[in-house]
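Required output: the full structure, derived from the provided sequences and hints.
Residue strings, one per chain:
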Amino acid sequence: MPYLSECEVTSHHELSPGHYRLVLHCPEIAQDAQAGQFCMLEVQQGYYPFLRRPMCFERIFKDSVSILYKIEGEGTRLLSALSPGQSINVQGPLGKPFPLEANHARHIMVAGGIGIAPFPALAEAIIAKLGVTPEIIIAARTDSMLLCEREFQQMGCKIHLATDDGSAGQKAFASEVLRALAPGPDTIAYCCGPMPMMKATHRVCEDLGVRCLASLEAEMACGDGVCLGCVVEAKVEIEAERMVRVCYDGPVFDSALINWDNY
Amino acid sequence: MPYLSECEVTSHHELSPGHYRLVLHCPEIAQDAQAGQFCMLEVQQGYYPFLRRPMCFERIFKDSVSILYKIEGEGTRLLSALSPGQSINVQGPLGKPFPLEANHARHIMVAGGIGIAPFPALAEAIIAKLGVTPEIIIAARTDSMLLCEREFQQMGCKIHLATDDGSAGQKAFASEVLRALAPGPDTIAYCCGPMPMMKATHRVCEDLGVRCLASLEAEMACGDGVCLGCVVEAKVEIEAERMVRVCYDGPVFDSALINWDNY
Amino acid sequence: MPANLQVNVGGLLMKNPVTVGSGTFAYGQEYDRYFDVSRLGAVTTKSLSLKPRAGNKPPRLVETPSGMLNAIGLQNVGIDVYLREKAPWLRNKGCTIIGNIYGYSPEEYAELARRLEAEGAADAIEANLSCPNVHDARTARGCTLVAQDPQQVTAYTQAIRAATKLPLFIKLTPNVLDIAEPALAAEAAGADGIAIINTLLGMGIDPETRRPILSNIVGGLSGPAIRPVAVKMVWDVAKVVKIPIIGMGGICTAADALQFILAGATAVAVGSYSFRQPDASMKVIEGLAEYCERHSVANITELIGAMKV
Amino acid sequence: MPANLQVNVGGLLMKNPVTVGSGTFAYGQEYDRYFDVSRLGAVTTKSLSLKPRAGNKPPRLVETPSGMLNAIGLQNVGIDVYLREKAPWLRNKGCTIIGNIYGYSPEEYAELARRLEAEGAADAIEANLSCPNVHDARTARGCTLVAQDPQQVTAYTQAIRAATKLPLFIKLTPNVLDIAEPALAAEAAGADGIAIINTLLGMGIDPETRRPILSNIVGGLSGPAIRPVAVKMVWDVAKVVKIPIIGMGGICTAADALQFILAGATAVAVGSYSFRQPDASMKVIEGLAEYCERHSVANITELIGAMKV
Ligand SMILES: Cc1cc2nc3c(=O)[nH]c(=O)nc-3n(C[C@H](O)[C@H](O)[C@H](O)COP(=O)(O)OP(=O)(O)OC[C@H]3O[C@@H](n4cnc5c(N)ncnc54)[C@H](O)[C@@H]3O)c2cc1C
Ligand SMILES: Cc1cc2nc3c(=O)[nH]c(=O)nc-3n(C[C@H](O)[C@H](O)[C@H](O)COP(=O)(O)OP(=O)(O)OC[C@H]3O[C@@H](n4cnc5c(N)ncnc54)[C@H](O)[C@@H]3O)c2cc1C
Ligand SMILES: Cc1cc2nc3c(=O)[nH]c(=O)nc-3n(C[C@H](O)[C@H](O)[C@H](O)COP(=O)(O)O)c2cc1C
Ligand SMILES: Cc1cc2nc3c(=O)[nH]c(=O)nc-3n(C[C@H](O)[C@H](O)[C@H](O)COP(=O)(O)O)c2cc1C
Ligand code: FES
Ligand code: FES
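Residue numbers (my numbering), protein chains in the order written: chain P, 1 to 263; chain H, 1 to 263; chain C, 1 to 309; chain V, 1 to 309.
Some hints could be false.
Once the Cα atoms are required to be at most 20 Å apart in a straight line, the calculated EDC-like pairs of lysine to aspartate or glutamate come out as [claimed, not checked]: (1) H:Lys96 to V:Asp32; (2) V:Lys51 to H:Glu233; (3) H:Lys199 to H:Glu217; (4) C:Lys57 to P:Glu6; (5) C:Lys308 to V:Asp206; (6) P:Lys171 to P:Glu217; (7) C:Lys57 to P:Glu237; (8) H:Lys158 to H:Glu176; (9) C:Lys51 to P:Glu239; (10) V:Lys51 to V:Glu107; (11) C:Lys51 to C:Glu85; (12) C:Lys57 to P:Glu239; (13) H:Lys70 to H:Asp143; (14) V:Lys239 to C:Asp206; (15) C:Lys283 to P:Glu6; (16) V:Lys51 to H:Glu241; (17) C:Lys51 to P:Glu241; (18) P:Lys171 to P:Asp186; (19) C:Lys51 to C:Asp32; (20) V:Lys57 to H:Glu241; (21) C:Lys283 to H:Glu241; (22) C:Lys57 to P:Glu233; (23) P:Lys96 to P:Glu74; (24) C:Lys57 to P:Glu219; (25) C:Lys57 to P:Glu217; (26) V:Lys283 to P:Glu74; (27) V:Lys308 to C:Glu290; (28) V:Lys283 to H:Glu6; (29) V:Lys57 to H:Glu217; (30) C:Lys283 to V:Glu208; (31) C:Lys51 to P:Glu237; (32) V:Lys57 to H:Glu176; (33) C:Lys283 to P:Glu42; (34) V:Lys283 to C:Glu208; (35) V:Lys51 to H:Glu237.
Now the stretches of chain H that chain V is said to cover, found in silico as 3 or more residues with beta-carbon under 8 Å [as the list claims (entries may be wrong)]: (36) 94 to 108; (37) 129 to 141; (38) 215 to 222; (39) 229 to 242.
If you are wondering where the hints come from, they were derived from the structure by calculation, not from laboratory data. All residues carry an ideal CB built from backbone N, CA and C; glycine is no exception.
Spelled out as structure tokens, the structure:
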């Protein structure tokens, strides 16, 4: 059951240029939220921007959630002006969470850029519910955009860094790093990032027989399954539909179900 | 010459419910500004609200100006959220100031509600340039909306209070208070407030042969004489136009030139 | 005493004048998680077609200043799934249902109306003769929507009219020179009401990629950006037809809804704004009740077309 | 090397593709206080009529979501004052001038064009066949603007064409079913360019007073709210005419201007947004130059109609 709540900002920090962590006091939402789900933030009270902005939960606490975001345009710029003590309208939790499946020995999370956002919550859930510590590949354009390293260290996750420009970790794409880790049928991969990065990750997983869960992105109007604006094409019908809604049927999908030819 | 300046908010206070004083650091504008002129504030960076908001100068200092305003709608609500240290784009000074005419023994300012806004600056200018201390009629719906009493006291102005509900001063309209002060041909009146209040003030002045300058209000798009949206009908042609621009030909007009039948 | 908000829209009794825009409320279930959707004057369904439709390729929507462009292309579950899964839910909730339909010919519309009536799956029919998103914009030119051609409006309306006794509303497009013409055609052909407006045609281009933002290139513009256009079209139609109007286009608040009612609408629909505020339609109902009390309006019908010119 | 921004709009050479919307820049003087207006590709004047016009009664404008409605009603100084006071100033500044004209008959337009040419007071003529604010909305219905009727567009264009050798642009209204039709009529009748779009018809009502917000009831909607509609109309016209297009409607930034150019406009005009940001047009020019450099575009004309479909 999603809620519409006015939530107080309890903290808000710039982590690296253009990247922020926002903590929101939202007891009802926090109580129901699961890793992989998201919320829709009303960044402005007027009609510009007109729509809410989708943001997944970075971490889920007892009474609050944290959001990790990157400035992309007007909406995130407005978001970044919020000060602790101010409030913002939050709709959520929305979408399907990452499934937590016990039958895998190895869990590898693959993050591209701000696609790191849902993984702290997922790592915590995997550790807490499955008793396994996942590995993580953190890939970004450049060093300053590698986020959450310390958080994953503290959780004891094995971390693989990669940058496009070689300024930190390997100079490689996330999908190549994954291949080099030689995952097998005992492995489950989780990926989140730009569509081309997830496509490449899916291909590697397909090659190696790895189950892969992708958290997709799409332009969203409602976030609630109503407008049919956020669809992606599935390879098979999901609940009698080819065009599946990222917001409602996802955002987390088995990557094998998605038609990646479009990306 | 008007400027377009990013100006820092140096202070911002709520004076009474819904009424604020905003002080802006704007050396260029402050240097040129004169009592009765106004500026256009960009209350938002996005496209809603789309237009700037006109606000006159309450007081003009060396490097800064103060604005006295009342929350009316979305634009002023957004304005009220500005904190000291933040900045706002200001266009000004715009419009024609109150003329300072030495040939009057008695100067009476007539303010209705937030129409008080231009008078502190005007009083200062009259005292400084003409060596006369003006009187002021401060009228409002109710006690808590009577503003700037202390400021006028400090300047030594004789103050006449009036409220619609009798909660402070006389229970009377500003125009009636003016009539009771028995102004004559030696008097110049200045009025600012809602159109019906200015119309009534004009009628009193007409009756008594008092020269009356009115600072008019109108919906404005450009504030610069360009859009022709803010016009009022004049009784005679002003620069070959019947429809005169409040923003450019005014906002201060000799009340005898305006066709008040429309209000 | 609270005002009487009930309205009669061409035979459809609505307990208040507020419904939702077709395609902005799906089939009601999702938003029922935020408020009891049976409190609406009526729920208007997504356009239903005979076969399920997959719609256009993504991207299908983009935000615009104070609005949005969409080119969904009428993705819908099809009439069979609607009758089997959606209508029973709506009925069970006690909703008044406006069944919005879309077809490729007068016969298809007639068939859809017939089935909805036969299965008791709608209390009124709204025929969407104005969807802008089912044509290839590369080749389309001029008059491509049924609602752009009064003669076709006549033919389609007659066919549907012959197929159903339910109140029949014809949904028109604003992309015309004079909205009064198709409205008059619909009225003459037996429609019980006019639903206006569907979206304005629009498009966007990404200068960085030089590609259209929507896969379909052209989409429909909705939201507060278009509200002034919609109010004007309601007024234009109200001046010439006698049947009631369901007004929509950018309604967000009760004050917006009142503009439509004062211009001549008997009922109103909240569209895109539900995406931003899922319970916006409910807030409009509350705001209308509050307005009526504040202005001593005993019966909201007093306000229909009550603009003072 | 900086890009070449020069464009040829049907014989009018503009040093960059940016002009301003008629009626949003007066006759240039006011905004020259913010930036050197001679740096614009051209200054387009407020619509000029034979006699001065007082325009409509106030209120004449109201803000709307991401836009505004206006019903100025063509208040202007008249051609005589323009020739005596305004044109000399523009000439003295070194501005390229697009003289926008409005008349009540083909003869009036012809006369206006003739006088502008004879006195060297314009470098091109833009004939406003589409002002929405000179009719009484209470009685008007249907086709009330010249630009809504292709036959009238033909007659008016021919008359003006016969009167002047200056490049002639015809300004059309978006309030039509298919903007291509009047555009084709104008082209066939000898126009050198099409200026689109003028404002969309719209209105607003104050629920508290139940009165229309504009004294004229109906006004023209402009600003970013209508941009998607304008881009689409430019694309529609670009597909069918060979003469250049001056695109406008909600342009605020260079990115917005590029949408129009990629859709097929040769030049663009910044309209209402100048009210918010008096130097917006100058910023658009700078932004276009920056874009061309960043994308290695040597000549901005490469971008005209270069949308990849
Ligand atoms: C389920 C979901 C969860 C998300 N979680 C996060 C998160 O945790 N942290 C984070 O930083 N971002 C997240 N995003 C992306 C985020 O929603 C967009 O970056 C944001 O909406 C951009 O808004 P804007 O107004 O700043 O930019 P805009 O001005 O709207 O757009 C700027 C650019 O971003 C693109 N964009 C806009 N909206 C989206 C969108 N919904 N999805 C993808 N691209 C978009 C536009 O096409 C444009 O290129 C998520 C997106 C989805 C769908
Ligand atoms: C030259 C000039 C100087 C002004 N100086 C001051 C001042 O010093 N302090 C102050 O508080 N106000 C002043 N005003 C009025 C102020 O500009 C409006 O109150 C403000 O623009 C309202 O904006 P909003 O977005 O809050 O309200 P909106 O939502 O825009 O409107 C709310 C209500 O206010 C009315 N309104 C909107 N704009 C104006 C306007 N420009 N003039 C009159 N009524 C309007 C609307 O019709 C509506 O009824 C001045 C107006 C002018 C023309
Ligand atoms: C995403 C979306 C989908 C829509 N789908 C339909 C539809 O299936 N059938 C229909 O008649 N109208 C459809 N519409 C039009 C709306 O019902 C409504 O007429 C229009 O959006 C104007 O109202 P608004 O501005 O309040 O959204 C759709 C609109 C949107 C935004
Ligand atoms: C206040 C105002 C006055 C206008 N006056 C005229 C005019 O006199 N002649 C004309 O051809 N267009 C006139 N227009 C239309 C604009 O030139 C332009 O076509 C329209 O506003 C769309 O552009 P925009 O959205 O950038 O403003 C006027 C527009 C506004 C807002
Ligand atoms: S965002 Fe509306 S259906 Fe997904
Ligand atoms: S506000 Fe534009 S002319 Fe006065």
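How the hints compare with the structure:
1. H:Lys96 to V:Asp32: Holds, because 18 Å separates the two Cα atoms, which is no more than 20 Å.
2. V:Lys51 to H:Glu233: With Cα atoms ~18 Å apart, Lys51 (chain V) and Glu233 (chain H) stay inside 20 Å; holds.
3. H:Lys199 to H:Glu217: 12 Å, holds
4. C:Lys57 to P:Glu6: It is violated: about 35 Å lies between the C-alpha atoms, which goes past 20 Å.
5. C:Lys308 to V:Asp206: At roughly 10 Å apart (the allowed maximum being 20 Å), Asp206 (chain V) and Lys308 (chain C) satisfy the hint.
6. P:Lys171 to P:Glu217: Given that 20 Å is the threshold and the Cα spacing comes to 25 Å, the pair is violated.
7. C:Lys57 to P:Glu237: At roughly 15 Å apart (the allowed maximum being 20 Å), Glu237 (chain P) and Lys57 (chain C) satisfy the hint.
8. H:Lys158 to H:Glu176: 17 Å, holds
9. C:Lys51 to P:Glu239: Holds - the C-alpha atoms of Glu239 (chain P) and Lys51 (chain C) are around 15 Å apart, at most 20 Å.
10. V:Lys51 to V:Glu107: 14 Å, holds
11. C:Lys51 to C:Glu85: Answer holds: Lys51 (chain C) to Glu85 (chain C) is near 15 Å, not above 20 Å.
12. C:Lys57 to P:Glu239: 18 Å, holds
13. H:Lys70 to H:Asp143: 15 Å, holds
14. V:Lys239 to C:Asp206: 19 Å, holds
15. C:Lys283 to P:Glu6: 16 Å, holds
16. V:Lys51 to H:Glu241: 12 Å, holds
17. C:Lys51 to P:Glu241: Cα-Cα ~12 Å, so holds.
18. P:Lys171 to P:Asp186: 27 Å, violated
19. C:Lys51 to C:Asp32: Distance of about 26 Å is beyond 20 Å: violated.
20. V:Lys57 to H:Glu241: With a Cα-Cα distance of about 13 Å, the restraint between Lys57 (chain V) and Glu241 (chain H) holds, given a limit of 20 Å.
21. C:Lys283 to H:Glu241: 47 Å, violated
22. C:Lys57 to P:Glu233: Holds. Lys57 (chain C) to Glu233 (chain P) sits at ~8 Å (cutoff 20 Å).
23. P:Lys96 to P:Glu74: Distance ~27 Å between Lys96 (chain P) and Glu74 (chain P) Cα, so the pair is violated.
24. C:Lys57 to P:Glu219: Holds: Lys57 (chain C) and Glu219 (chain P) sit about 13 Å apart, inside 20 Å.
25. C:Lys57 to P:Glu217: Holds, because 15 Å separates the two Cα atoms, which is no more than 20 Å.
26. V:Lys283 to P:Glu74: 19 Å, holds
27. V:Lys308 to C:Glu290: Roughly 51 Å separates the two Cα atoms, so the pair is violated.
28. V:Lys283 to H:Glu6: Cα-Cα ~16 Å, so holds.
29. V:Lys57 to H:Glu217: Cα-Cα ~15 Å, so holds.
30. C:Lys283 to V:Glu208: Holds, at roughly 18 Å.
31. C:Lys51 to P:Glu237: 15 Å, holds
32. V:Lys57 to H:Glu176: Violated. Lys57 (chain V) to Glu176 (chain H) sits at ~30 Å, over the 20 Å cutoff.
33. C:Lys283 to P:Glu42: Roughly 17 Å separates the two Cα atoms, so the pair holds.
34. V:Lys283 to C:Glu208: 18 Å, holds
35. V:Lys51 to H:Glu237: OK: Lys51 (chain V) and Glu237 (chain H) at ~15 Å, within 20 Å.
36. 94 to 108: With 0 residues closer than 8 Å to chain V, the region 94 to 108 of chain H misses the three-residue bar; violated.
37. 129 to 141: violated (count 0)
38. 215 to 222: holds (count 4)
39. 229 to 242: Check passed, 8 qualifying residues.
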